[in-house]
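Construct the complete structure from the given sequences, taking the supplied hints into account.
Heads up: the sequence lines are chains A and B, in that order.
The numbering of the first sequence is our numbering, which starts it at 44 and goes up by one.
The numbering of the second sequence is our numbering, which starts it at 935 and goes up by one.
Calculated directly from the structure, the hints in this document are not laboratory data.
Check each hint, because a few of them may be wrong.
[Unchecked claim] Pulled a few chain A residues facing chain B out of the computed Cβ check, cut under 7 angstroms:
{"#": "1", "residue": "V105"}
{"#": "2", "residue": "N106"}
{"#": "3", "residue": "V109"}
{"#": "4", "residue": "A110"}
{"#": "5", "residue": "G112"}
{"#": "6", "residue": "S114"}
{"#": "7", "residue": "V115"}
{"#": "8", "residue": "I116"}
{"#": "9", "residue": "Q117"}
{"#": "10", "residue": "Y126"}
{"#": "11", "residue": "Y127"}
{"#": "12", "residue": "P128"}
C-beta atoms are modelled at their ideal positions from N, C-alpha and C, and glycine is treated no differently.
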Amino acid sequence: MSPLEMTADAAFARVDLLNLASMVEPGSRVLDVGCGDGSLLRLLAEKRSVDARGIELSQSGVNLCVAKGLSVIQGDADTDLVYYPDGSFDYVILSQTLQAMRQPRVVIEHMLRIGRRAIVSFPNFGHWKIRLQLLATGRMPVTKNLAYTWYETPNIHFCTIKDFVDLVDDMGAVIEQASALDRFGRPVEMTLPRSLWNLFGEQAVFVLSGK
Amino acid sequence: MTRHHAADPDKRNEAIEPSSLVAHFGADEPLGLESGESLGPWSIAYQAYGTLNAEKSNAILLCHALTGDQHVANINPVTGKSGWWETMVGPGKPYDTDRFFVICANVLGSCLGTTGPASLDPKTGKPYALHFPVVTIRDMVNAQAKLVDRLGIETLFCVAGGSMGGMQVLEWAASHPDRVFSAMPIATAAKHTAQNIAFHEVGRQAVMADPDWHSGRYLEEGTRPEKGLAVARMAAHITYLSEQALHRKFGRNLQERAAPTFSFDADFEVESYLRYQGRSFVERFDANSYLFLTRAMDYFDLAKEHDGVLARAFKGSKTRFCIVSFTSDWLFPTSDSRAIVHALNAAGASVSFVEIETDKGHDAFLLDVPELFETTRGFIDSAARARGLAVPARRADA
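Put into structure tokens, the structure is as follows:
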């Protein structure tokens, strides 16, 4: 699923992608897992001169990417990452796709094996609006950025920022950089202490490395 | 004019006197073969469309499949029908002849003008028949490379083809990596599977069981193993389709009759269709060529040439690859394409891969499949940009 499909607001998606792109060293080798229509890869190729590769589940997404001159493989991150050799990329990116993975932990482990660094961005299910919706309505939250009903959502593994940090600790991976974003895609760390990210961040981005 | 012995006497013998372009190589330029044998003099018949630019950087080599030929985008001189890839090749088509110089050569061992078993053996003046050396996919590619040399082209902008053509594309990329800027292997595999070899063996045995085959000397005997070759084609044709496509086209429909005849007539439409496929094939194809070309496919195993590791075949490759498979293709299933993709990934090569959803089976690469056109356009245009070739404005920002 592409970031553009996930978020109703294209401007938000743009800021989100720029934010991700800024975390990537120029000239590096990047694999974008679930690269959608290739927006991020193209941005990385143009702005950061990276060697950009992708995996995408949908045929339409792959076709869009191929038309942009990107090297993208139709495939399923849950099953296909195993075929990538160790250390073959500088960065492996999973943008807004973690929650749709059948085995998020296995996917992140593969990302850390394949890349020197893994960059993971995901919607934060601990955001106050989501907490409030569940509390007030007693029903699974449906928000602008997470606009699916529970029975048809592709997002099967939601987590909060705290949950994610627990997983990273459990895997023994290292958080090199972290950032929470508000609903405009702006980092909240300028205004908020880290202890409040889980409540006020709509999204989070983590840069991880292996032990 | 030399005539084909048993065929329509008014028809030109395309095996010996092709109506396409031909490059001749004399006895002083023999073609060394993988088997250790050497072939010479030899010829390679080809067609060309579009114009080669001054830099000679816009050439696309298309590789045809088992029973294909060089007549990609013109009326076929044998069948009188359209070229086999007119959907893909022509002005404004994905392989755009307004922008690219498109070449297709009849493969070594075939029967449309490139040296093959129906060609005359200079030693005897008779058709080679089984005295023709067993050729491989690599030999076919080396023959094409000699043609490309003669055309003065150093690097091909793209090498593309489906099925056996895709095998040639892979071989080109592996053995001439610096001469292939981009590559599109479609509905193909890096090796022929046991099942594929098995189907080919059935076909060959059908040909050889026909008494008119005469141990391969049928041209001298003035006969043709039409029944055997037709059966071979019928069996093979089933493998080019899918169960869904057969059901969609024919189901259990009866052929121009209300009820079964309680005989072995072609009661069912599907029987009638296959018989027609068999009949029309023998009119255009040489039986011995069928034996040699199926053998070449059977022998293909690109990894074996590289210590069993496919990734090594593409080590350090700068070629841009676009791999395409079709969901209902059970002859060269998506898993075969994925194996190529995984090897290219492991080699760090630039690779895209699309699996196209269709019920048309292996033959989908020859048919009207819009997703194939879209993928090809996107890949070719982006590769053209990378090569510094002009891309029409309407698609410049696709």
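Tested hints:
A distance limit of 7 angstroms between C-beta atoms decides the matter here; for V105 of chain A the minimum to chain B is near 5 angstroms, and the interface restraint holds. For N106 of chain A, the suggested interface contact is upheld, since its CB lies about 5 angstroms from the closest CB of chain B, less than 7 angstroms. With its C-beta approaching chain B no nearer than about 4 angstroms, V109 of chain A sits inside the 7 angstroms limit, and its interface hint holds. At its closest, the beta carbon of A110 of chain A sits 3 angstroms from a beta carbon of chain B; the interface hint therefore holds under the 7 angstroms criterion.
Hint status for G112 of chain A relative to chain B: holds, with the closest Cβ pair at about 3 angstroms, below 7 angstroms. At a threshold of 7 angstroms, the smallest CB-CB gap from S114 of chain A to chain B is about 5 angstroms, leaving the interface hint in force. Look at V115 of chain A: its Cβ gets to within about 5 angstroms of chain B, closer than 7 angstroms, so that hint holds up. Hint on I116 of chain A holds. Least Cβ distance to chain B is approximately 4 angstroms, under the 7 angstroms limit.
Checking Q117 of chain A against chain B: minimum C-beta separation of about 5 angstroms stays under 7 angstroms; hint holds. With a least beta-carbon distance of about 4 angstroms to chain B, the hint placing Y126 of chain A at the interface is held under the 7 angstroms criterion. The interface hint given for Y127 of chain A holds, since its Cβ lies 6 angstroms from the closest Cβ of chain B, which is under the 7 angstroms cut-off. Using the Cβ-Cβ criterion of 7 angstroms, the hint placing P128 of chain A at the interface with chain B is satisfied: the shortest such distance is roughly 5 angstroms.
The structure shown violates none of the earlier numbered hints.
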